[in-house]
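Model the full structure from these sequences, guided by the hints.
The lines below spell out each chain.
Protein chains: 2
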Amino acid sequence: MNINRYCDNPIITPGTVLASRKDFQVIGAFNAGVTVFNGETILILRVAERPINSDDKSIKVPFLDDNLNLKVKTFNKNDENYDFGDSRAIHKKGNVAAFEYLTSISHFRLARSTDGEHFKVDEKPFIFPANKYESFGIEDPRVTKIDDSYYITYSAVSKFGIVVMLSSTDDFKTFNNLGAIFATENKDVALFPEKINENYYALNRPISPSIGNAVIWISESTNLLHWGNHKVLIETRDGKWDCKKIGAGSPPLKTDLGWLEFYHGVDDNDRYCMGALLLDINDPSKILARSSEPILEPIMEYETKGFFGNVVFSCGTIVNHGVIHMYYGVSDDSMAYAQFKLKDVLDSMEYLKPKK
Amino acid sequence: MNINRYCDNPIITPGTVLASRKDFQVIGAFNAGVTVFNGETILILRVAERPINSDDKSIKVPFLDDNLNLKVKTFNKNDENYDFGDSRAIHKKGNVAAFEYLTSISHFRLARSTDGEHFKVDEKPFIFPANKYESFGIEDPRVTKIDDSYYITYSAVSKFGIVVMLSSTDDFKTFNNLGAIFATENKDVALFPEKINENYYALNRPISPSIGNAVIWISESTNLLHWGNHKVLIETRDGKWDCKKIGAGSPPLKTDLGWLEFYHGVDDNDRYCMGALLLDINDPSKILARSSEPILEPIMEYETKGFFGNVVFSCGTIVNHGVIHMYYGVSDDSMAYAQFKLKDVLDSMEYLKPKK
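The listed protein sequences correspond, in order, to chains A and B.
Those letters in the first sequence? Residues 0 to 355, per numbering that gives the first Met the number 0, in order.
Those letters in the second sequence? Residues 0 to 355, per numbering that gives the first Met the number 0, in order.
If you're looking for bench data, these hints aren't it; they were derived computationally from the structure.
Treat the hints with care, since some could be wrong.
All copies of an identical chain are treated as equivalent in the list; a pair is satisfied when it fits inside any one copy or across any two copies.
Calculated cross-link-like contacts (lysine-lysine; reagent style DSSO-like; alpha-carbon spacing at most 30 Å) [what the hints assert, rightly or not]:
#	residue 1	residue 2
1	Lys91	Lys230
2	Lys342	Lys239
3	Lys244	Lys92
4	Lys172	Lys230
5	Lys92	Lys158
6	Lys131	Lys239
7	Lys123	Lys59
8	Lys70	Lys230
9	Lys123	Lys230
All of these numbers come straight from a predicted model, not from anything done at the bench.
Now the structure itself:
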């Protein structure tokens with residue numbers, strides 16, 4: 000399949016983003032949600048920051064304290080109680096599954112473009128962690144326009160786990176926090192842009208410490224705030240690029256053949272690729288087709304190297320005249336941009352035979 | 000506090016319950032939900048069964064296959080890939096947090112009594128695992144009467160994790176499955192018996208593999224099917240009987256002072272006790288009081304010894320003329336019964352000072 004990566008990728012890098020405080024540095028501007036507002040392409044960037052630290056014997060970690068003030072805690076790298084081998088988080092020794100602190104704290108920043116290629120990044124945060132469920136940051140926003148409002152779902156990380164928050168905005172200046180729509184642990188929530196047979200639908204990715212893989216579920220709602228009738232939509236596939244974990248990427252796009260969803264798949268080497276699903280237009284819990292091979296995989300240097308390399312991770316796409324404009328985070332670091340034909344995606348997928 | 004344990008405890012033991020199949024044996028009849036229907040006390044028993052096995056070199060585990068047929072898989076106890084040390088589950092070697100199979104499969108059986116002390120157990124199951132989310136069994140039912148229906152929440156266990164299912168019945172003969180109301184992993188869901196300011200409320204216990212303890216959350220709904228605005232209600236307490244895990248027990252009881260909730264707390268030795276919470280009558284996310292010490296703890300031999308000892312675990316209570324009738328599972332094995340005064344519970348709790 001022909002993938003047209005933008006020649007001047009990455010389109011946004013951490014170095015072009017102003018830190019929210021003088022004593023912090025931006026280390027990531029990635030995994031953005033995308034939409035069109037007032038004729039402009041808007042990226043809701045995840046901006047990861049950490050305290051500036053010139054002492055290579057220590058790690059400084061940022062977090063909101065119980066009074067919701069941003070504080071910094073310093074760990075000595077010789078502290079034998081902790082494992083500092085993960086660039087993203089600090090773990091207790093011997094417990095790599097769970098983490099104690101994140102090494103950075105993320106907020107959301109808007110970037111705007113009139114041509115979809117050149118973006119101007121706001122100097123100030125749009126949404127900053129602001130409640131006890133967000134004390135370690137907010138991550139990976141997806142935005143869906145429903146009626147006249149823009150609904151933003153994102154991961155809120157704290158000592159209480161990883162919950163999915165919903166916020167809405169009508170003007171990309173102010174927003175309303177509408178509460179946690181999925182309790183811990185859930186992530187990767189993509190809202191469908193309209194009701195289907197009287198229900199809203201959301202793709203989501205709950206996970207259990209007891210049993211089961213990270214797979215994509217689908218849930219329904221009548222009001223966007225309360226969700227239920229949770230079902231597994233689609234599972235990981237042994238031996239494939241999506242064998243270890245899968246999660247929704249962009250909010251689903253309405254096509255003549257069904258709902259098109261770009262999702263991320265992770266393999267046993269923690270390599271993140273993007274593939275596609277096609278869901279029944281009247282019953283999105285029914286799968287019509289799935290990518291056998293990835294549509295987009297980390298190949299370019301900006302996709303294979305960075306804060307956490309070998310990652311392409313899209314939280315949003317725009318369709319325009321049969322062309323998919325995919326904006327995607329690379330290596331937990333920067334934003335890149337690619338174009339490809341909707342028809343090519345639909346032709347590339349493996350269609351399931353209907354059950355008799 | 001004066002706790003009056005029934006003199007002839009336990010009131011139901013596995014030996015008095017007929018297996019659902021001739022090749023199975025009942026190993027547990029415990030953790031029952033309780034309600035009053037047509038003047039009778041009804042227990043919704045969790046009945047755990049396993050295949051009869053005379054070969055002490057093997058373990059036979061029951062499960063529903065992909066066609067929802069009950070099957071048995073045999074493990075050789077010498078198989079070095081697995082750890083057979085947990086009486087409740089089979090784990091992969093080196094991974095005690097996650098399990099591969101359960102050693103028994105649970106269903107729900109009704110037991111009825113006219114005096115609240117002597118129960119007749121039905122010969123046939125009331126609800127049996129019947130869908131892909133229940134392939135390892137259904138566990139720990141709680142029942143709440145809302146208007147004229149009885150709503151039963153329970154844990155459904157499968158390779159997809161542990162989800163909370165909702166079923167309803169009007170007659171305790173047939174039931175409707177209303178779907179998964181909380182996705183994996185969640186447990187210990189107790190529904191309030193009425194709407195409070197236009198919302199239903201549920202206590203629940205989601206958990207994350209990444210970070211955070213097993214604590215009690217509260218969620219709201221307008222229709223009992225879809226849930227949101229998830230919030231942490233109350234946390235574990237270091238160094239106390241409820242330091243490791245807590246979860247809702249009985250559906251909350253309406254009292255003059257507020258909503259009274261009996262919850263279970265687990266300490267670092269996996270000892271399960273029951274304590275109480277008092278929640279604001281108009282805003283159940285607000286805590287008024289909490290037990291400093293357990294109300295009920297495993298002391299009697301039937302509470303300290305059994306399939307999984309040192310456990311008292313109540314999923315339901317009845318109040319009658321100021322007396323609490325607590326039905327509770329003991330040692331993941333049998334059912335016991337105790338009475339105590341509502342006033343004594345309310346007097347025993349530690350009241351939080353209102354924030355100024």
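Results of checking the hints against the structure:
Taking identical chains as interchangeable, the C-alpha atoms of Lys91 and Lys230 lie at most 30 Å apart only when they sit on different chains, with a minimum of 26 Å there against 34 Å within one chain. Taking the closest pair of Cα atoms, Lys342 and Lys239 come within 30 Å of each other only inside a single copy of the chain (24 Å); across copies the shortest separation is 61 Å, beyond that limit. Taking CA atoms no more than 30 Å apart as the test, Lys244 paired with Lys92 passes in both settings, with 24 Å inside one copy and 22 Å between copies. In this assembly of identical chains, the alpha carbons of Lys172 and Lys230 lie at most 30 Å apart only when taken from different copies (27 Å versus 35 Å within one copy).
When the C-alpha separation of Lys92 and Lys158 is checked against a cutoff of 30 Å, the pair qualifies both within a copy, at 18 Å, and between copies, at 29 Å. For the identical chains of this complex, Lys131 and Lys239 are inter-copy neighbours only, at 24 Å across copies versus 38 Å inside a copy, given an alpha-carbon limit of 30 Å. Taking the shortest alpha-carbon separations for Lys123 and Lys59, only the intra-copy value of 23 Å comes in at or below 30 Å, while the best inter-copy value is 61 Å. In this assembly of identical chains, the alpha carbons of Lys70 and Lys230 lie at most 30 Å apart only when taken from different copies (23 Å versus 39 Å within one copy).
Within a single copy, Lys123 and Lys230 get their C-alpha atoms only as close as 39 Å, which misses the 30 Å cut-off; across copies the closest is 29 Å, which meets it.
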